[in-house]
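S.K.: Here are the chains, one letter per residue:
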Amino acid sequence: MKTDGLTGFLDLLYESPNNWENRIKKPVAIYILWSDSKVWNAKKLTEMNYGDYFRISTDEIGQEIMHNNLAIVYPTFEKLKTRFSVLPTKKVWFAEIPAWRNTAGFSNKYTQVSYQADIEPLPQKASLLTFHPFIQFGDVINNLLVLNVTKSPEIKKDSIKFFNSYDKSFVDEVEIQTNTLTTIPLDKYSFKPTDLPVFYSANIAGIPFGLGIAKSGRMLSLEHTHPPASLVLFGDRRRVQSKIKKAWIDRLTF
Amino acid sequence: MTDIIHSLSGVKRKIKFGIFIPKKITLKPKSSKAVISDLFPIRNDLNWKTEFELLNIPGLINGNNKTDIDHSVTLYFFNDDGNLLGNKHVIMNSTGRQTIKLSELLHGELSSAKTFALFHDYKENSLLGDGSFLAERGYTGYEYKNSGIKGYVHGNLDAVALTGNQIEPLGNSGIIPRTYTVQHQLLGPAKYDFIFTNPTSRVIVIIPLLSGIKNNWTAQKSFEIPSLGTRSFTINLVKEDSYKIKFKSRLYLGRPVVFRVFDQSMDVFHG
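Line by line, the protein sequences are chains L and W. Note that the numbering used here gives residue 161 to position 161 of the first sequence, counting from 1, and the numbers run on in steps of one. Offset between the second sequence (1-based) and the numbering used here: plus 1000.
It is worth saying that the hints were derived from the structure and are not from the lab. One should not assume that every hint holds.
Lysine to any residue pairs mimicking SDA-like chemistry, simulated, CA-CA at most 25 Å apart [stated by the list, open to error]:
1) L/K245 - L/P123
2) L/K25 - W/K1101
3) W/K1012 - L/F94
Can you build the whole structure from these sequences, using the hints too?
M.R.: Laid out in structure tokens, this is it:
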């Protein structure tokens, strides 16, 4: 992931998160994949043996790859073609309890920040509704990052709408894209410490992040929000999520 | 032939699940009227401040967080041995978000609190028809050395339920030890604090294992965590140090909150 003023990095660790699922130990090829809107492109970065650690940063990746501020790193046993029309789906590093992840984040000359990253391609058409409690005040720059990856390489434009969740007032509508990391500055909206913004996109799903940058540059803050299903446990959470989204969308879009 | 291989690997997978995770990671609360919370670590000293972003979760679930009646929550505080120290009621004002500064609550009997759970007042559970429970797994913000900026991390484990005044541990553990490998290469110079909470009703022993670049795992000193207690494991790395770490325990999911402290800044994430 790339955003202005910071270097994006991904730390890969070839270690299963647990000792009982998917205990593979064969060497894997690590590819970087990126969309040019017509096809997915692939380039082999390295091979990793079991136990290896490998870091890739956006300083080492050309702008022709990072033109949408996003590239995907994919481990595989297979030799990939250089161009293909749909993202490969076969998972080599896969576990469920917990999910097999790696460390992705941003750095500058002072510090770094990270989250435990993995991504499944999102549906070509899906909605996003999320609440954002991460805006910080004082000497902090606040950005919303929206990450989208779909199986198709198409780079499609649409929008995300901002509302104040409490009084349901409309704040703004901003362009986002598929297969892109979109950075949206939030400070111009002058949200207050007691405001809870809600972000809604009717046609593009995504993973939303709050990125805080100390104006001194000496500390960064990064966390992703969760879908409404995370507000409940057990039962039919998918159905509950649909109900929550419908209730909010009805109120926000009258 | 491919179908047969797929079928066999599916059976193998189910057997492994049966051995390692015979029950669910999180137990279902005994009462259908329970509400659930994570057990959130508190860091409150000269270097650290902890805050929690309180949202009107019942309102968010019902599609409207603007309510005529003030929303109330109760925070339950525990010491590092999991003993309940007391609780505090907090009324959520007519706002979308209310930041709770833990340092303002931790006085007297609560001054040694190391974790808290936050339960929403949610009696009219419109979700019961779906068999769901309201769960607070929200965002704790940690500030290091008065930097003026918080690092956020979301709830890591669905640890406890509240029914009436009864706290019920929801974490599960088994007989066969499992390992959890933190999916992050430890890189120096930095100090790493791995904070564990024990969401089960039994004492849990955790054995940290460290490895360099080559897989040469060595066990470190183990530690015990009482039910609903918390412990941390700390490692200091110098420049050029590079390690992997995993934790062996009977927890189904022994996943810590990880703090990486370096120079005047820090990074926090769930392992």
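S.K.: State for each hint whether it applies.
M.R.: Results for each hint:
Taken as a hint, the L/K245 and L/P123 pair is honoured in the structure, with Cα atoms around 17 Å apart against an allowance of 25 Å. Using a Cα cut-off of 25 Å, the hinted pair L/K25 and W/K1101 is violated, with the two alpha carbons roughly 46 Å apart. Restraint check for W/K1012 and L/F94: satisfied, since their Cα atoms lie roughly 15 Å apart, inside the 25 Å limit.
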